[in-house]
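> Protein sequence lines correspond, in order, to chains S and R.
Position 224 (the first sequence) corresponds to 213 in my numbering; numbering is contiguous.
Position 86 (the second sequence) corresponds to 123 in my numbering; numbering is contiguous.
Simulated from the structure, these hints should not be mistaken for lab results.
Please read all numbers here as calculations on a predicted model, not as lab measurements.
Keep in mind that the hints are not guaranteed to be accurate.
To be verified - Derived lysine-lysine pairs resembling DSS-like cross-links, with alpha carbons at most 25 Å apart: (1) R/167 / S/211; (2) S/223 / R/171; (3) R/67 / S/211; (4) S/584 / S/37; (5) R/125 / R/148; (6) R/67 / R/167; (7) S/463 / S/584; (8) S/468 / S/559; (9) R/52 / S/211; (10) S/534 / S/584; (11) S/211 / S/482; (12) S/125 / S/107; (13) S/238 / S/559; (14) S/238 / S/482; (15) S/554 / S/238; (16) S/354 / S/376; (17) R/52 / S/223; (18) S/482 / R/52; (19) R/115 / R/125; (20) S/482 / S/223; (21) S/354 / S/400; (22) S/223 / R/167; (23) S/140 / S/125; (24) S/482 / R/171; (25) S/534 / S/456; (26) S/397 / S/354; (27) S/211 / R/171.
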Amino acid sequence: MNSYTGKVLHVDVSTQQTQVQEVSPEFLRKYVGGVGLATRLVYDNTPKGCDPLGPENALCFACSVFAGTTVPAGTKHSVASKSPLTGFIGDSLSGSHFSEMLRHAGWDGIVIKGQAPKWIVLFIDDDDVRFLDAEKFLGMGTTETQRAIRKALGDENIRVSAIGPGGEKLVRYATIDNDGRQAGRTGNGAVMGSKRIKAIAIRGTHPITVADPEGLLRETLKLIQVSQGPGTQKYRILGTPTNVLNMNKMGTLPTRNFRETVFEHAEQVSGEYMHDHYTQKAVGCSGCSIACEQWAEVREGKYKGAIAGLDYESLFALGPNCGIGSLPPIIRLAELCDELGIDTMSAGVVVSWAMECYERGILSKEECDGLEPNFGNDDAAVALVQKIARREGIGNLLADGVKRASEKVGKGSDHFAMHSKGMEMPGYDVRGMKTFAMGLAVGTRGPCHNRSLAYEADVKGTVDRFKAEPGRGKIARDKEDTAAVLDCLVLCKFIRNCLDNFYEDVARLYTMTTGLPMTAAEIQQAGERACTLKKAFNIREGWTKADDWLPGRVLGDPLPSGPGKGVYVKPEELRMMIDDYYQARGWTPDGLIPKDKLVALGLEDIAEDVGVEVAAQVAPLGTAAGA
Amino acid sequence: MAMIGYQHIICDPTKCIGCRICEYACSLTKTNAFDPGLSRIRVVRIEPITMTAVSCRLCEDAPCIIACPRKALTRSEKNGIILVDNDKCDGCGWCVEACDFGAIILNPATKRAEICNLCEDQADGPRCVKYCPKEALALSTPEVIRQQARREVVARLFEELLVEK
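Extracted from the complex, chain S is given alone in its bound form (with noise of 0.2 Å):
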């Protein structure tokens, strides 16, 4: 077996004792990688039930099975344990050299149980594991710890992933960073910080051997090539905060918490204007040959020395959604965002969400410390999302993510309080996108644009997207058993167009880099397997149908302008399309998996635990894999 190691890590660090898990060559090319492996760990270490913030719930890190290798786009890994935010599984991914180094160190993943009784930095170097005081540590940014534990530990070789004070404290949407990349939105940086560590230093010295040297040489450089052609254009130019503008001529920009989604200062925060005027450098993550992120400067005025690599969810999020319509804020609050350790997008959807509710009278100016949030005010914004990351006033109330906050706050707020399952909705808004609207609704993460690629058809014109219809669930199926494959290996999503026959092509390089058989067929399976897994985990924590739902705002305001003006998701549209869904994927229409199908995709461990048994002809076999 080569690129594998066949050997995951298990670190308590309540008792600082640690175990190595050897897993077999049929357990890793059942979950492959990244998202998968990581689930799995979950799903195997965490108790049913369990405190997503206490200590037994299990913080699992996997690599991507390309990791250091010369496979573009391909050094990840994925994390993942019980959500703190929406109570489900928080599978997260990151651009890593983080991930090589683990690969290095010996391990295909880590599982993290326990919570220190002091904070600590765990150093794991080679097969010694070393549990470090991190009380110099406590308060600094994620970059400046990077920095510190590199430096205190005399390697600047050594990869660390840390946190920052808003998974100290426990901010339900806290990030975890690494070399300026993010593993986000679920909160992840709350679990680690609930344990108590700091961050993960890594130095690892074993060399990755594949399979097939010359032969994944010879396929990667063509890769490499490829991946500067138009297959990628718009990730390398302006990266993707190019979709400013696309966005808003759709008429799907979120605006002001997703009040409007035409926005009238779009030109000024658009990927074009970022380009000509505050961008400095594209950089790529390890191993990448995209570069798709642009970092963006400030060079005067009032946010003069702000710097942040900056991403169209980012952007979206601190900028038009707060309707905040100039980039030196924007380039300033995904900085702190990033160096305080919380995720932008949902720091954006939460400080928007403060903003309307003080604007409609909801939250008053002393309720908001002093402050005066409306829509637009930067100042406002900065000074809210610092309090987030310490939980000072009312960042308290919002570091508990929008849903937590509107149940609190009550009197209508949680109408426009705009989640899924807890977690705030990505940069699209889904009234003039249905397909994605439903693809959003089903996420077993929450609401992600990221695991669901369902907007591919609405975006690319191969549907009506105004329209809600049957068949749309198996499109949301194909893209999201497509997305759940690159979420495995790990390949980064903006390769994918560079890839002709994409099942074939992974498959292949899946087999030169481990020399484990994979056939096209297996590799799809295995897409599916992994959502699979992640549904059975939630629903084994008490999932129901109920949660795959939108906010009140997609399901009863019409859109007030644009090309869509007076659409919206009627919830009738939407309970339509997720049955849909279900049929699909060859679910009950409560949305459970039925044992057979379970056992079908190899998951027959589990079936007694969250399948259901189903007649045969309510659910005829073979529905998801035939249809």
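We have chain S already, so just place chain R on it with the hints.
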């Protein structure tokens, strides 16, 4: 015309994205495994956005050759690369200390110094250059670099002059 300076790997920091594919390709070429610790080219990133790759610059009066107490390092007459005589090298590391660029490795397994040899054994030249996705790496000489530099600066100046008109 006598050659001024030897060809070596140069990196344009404005093009380098810090991906480290050069390290992966180099180590695979030299060791048949991915092992950046043994890559003869290394990427340096100073957060957040300063980054470039560094390898042997084939210095004219190479300090490594001068520093070696056992005369294990010599210059190839063919292409100027620094050759390591493994029978003489004892892994003392003076060459590593003498190098201003941190371009020399002490291989922990063989306990011998290793230096970029421009992949002289590869038919199509240095692997790092070939695999660099952004063409940040190139095989060049100081003379060629200064030729390019003055062409670029003149072109830019005249472009600006024309715009101002």
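> Run every hint past the structure and note whether it holds.
Evaluation of the provided hints:
1. R/167 / S/211: Within the cut-off at roughly 11 Å; holds.
2. S/223 / R/171: holds, 16 Å
3. R/67 / S/211: holds, 21 Å
4. S/584 / S/37: With Cα atoms ~19 Å apart, residue 584 of chain S and residue 37 of chain S stay inside 25 Å; holds.
5. R/125 / R/148: holds, 12 Å
6. R/67 / R/167: holds, 15 Å
7. S/463 / S/584: Given that 25 Å is the threshold and the Cα spacing comes to 21 Å, the pair holds.
8. S/468 / S/559: Answer holds: residue 468 of chain S to residue 559 of chain S is near 23 Å, not above 25 Å.
9. R/52 / S/211: Between residue 52 of chain R and residue 211 of chain S the Cα gap is close to 20 Å, so the pair holds against 25 Å.
10. S/534 / S/584: Holds. Residue 534 of chain S to residue 584 of chain S sits at ~18 Å (cutoff 25 Å).
11. S/211 / S/482: holds, 18 Å
12. S/125 / S/107: OK: residue 125 of chain S and residue 107 of chain S at ~12 Å, within 25 Å.
13. S/238 / S/559: holds, 23 Å
14. S/238 / S/482: holds, 24 Å
15. S/554 / S/238: Holds: residue 554 of chain S and residue 238 of chain S sit about 12 Å apart, inside 25 Å.
16. S/354 / S/376: holds, 15 Å
17. R/52 / S/223: Holds: residue 52 of chain R and residue 223 of chain S sit about 17 Å apart, inside 25 Å.
18. S/482 / R/52: Holds - the C-alpha atoms of residue 52 of chain R and residue 482 of chain S are around 23 Å apart, at most 25 Å.
19. R/115 / R/125: Distance of about 21 Å is within 25 Å: holds.
20. S/482 / S/223: The hint holds at about 13 Å.
21. S/354 / S/400: holds, 16 Å
22. S/223 / R/167: Holds, because 24 Å separates the two Cα atoms, which is no more than 25 Å.
23. S/140 / S/125: With a Cα-Cα distance of about 13 Å, the restraint between residue 140 of chain S and residue 125 of chain S holds, given a limit of 25 Å.
24. S/482 / R/171: Given that 25 Å is the threshold and the Cα spacing comes to 20 Å, the pair holds.
25. S/534 / S/456: Answer holds: residue 534 of chain S to residue 456 of chain S is near 23 Å, not above 25 Å.
26. S/397 / S/354: Since the Cα atoms of residue 397 of chain S and residue 354 of chain S sit roughly 17 Å apart, the hinted pair holds (cutoff 25 Å).
27. S/211 / R/171: holds, 14 Å
Checked against the numbered hints above, the structure breaks none of them.
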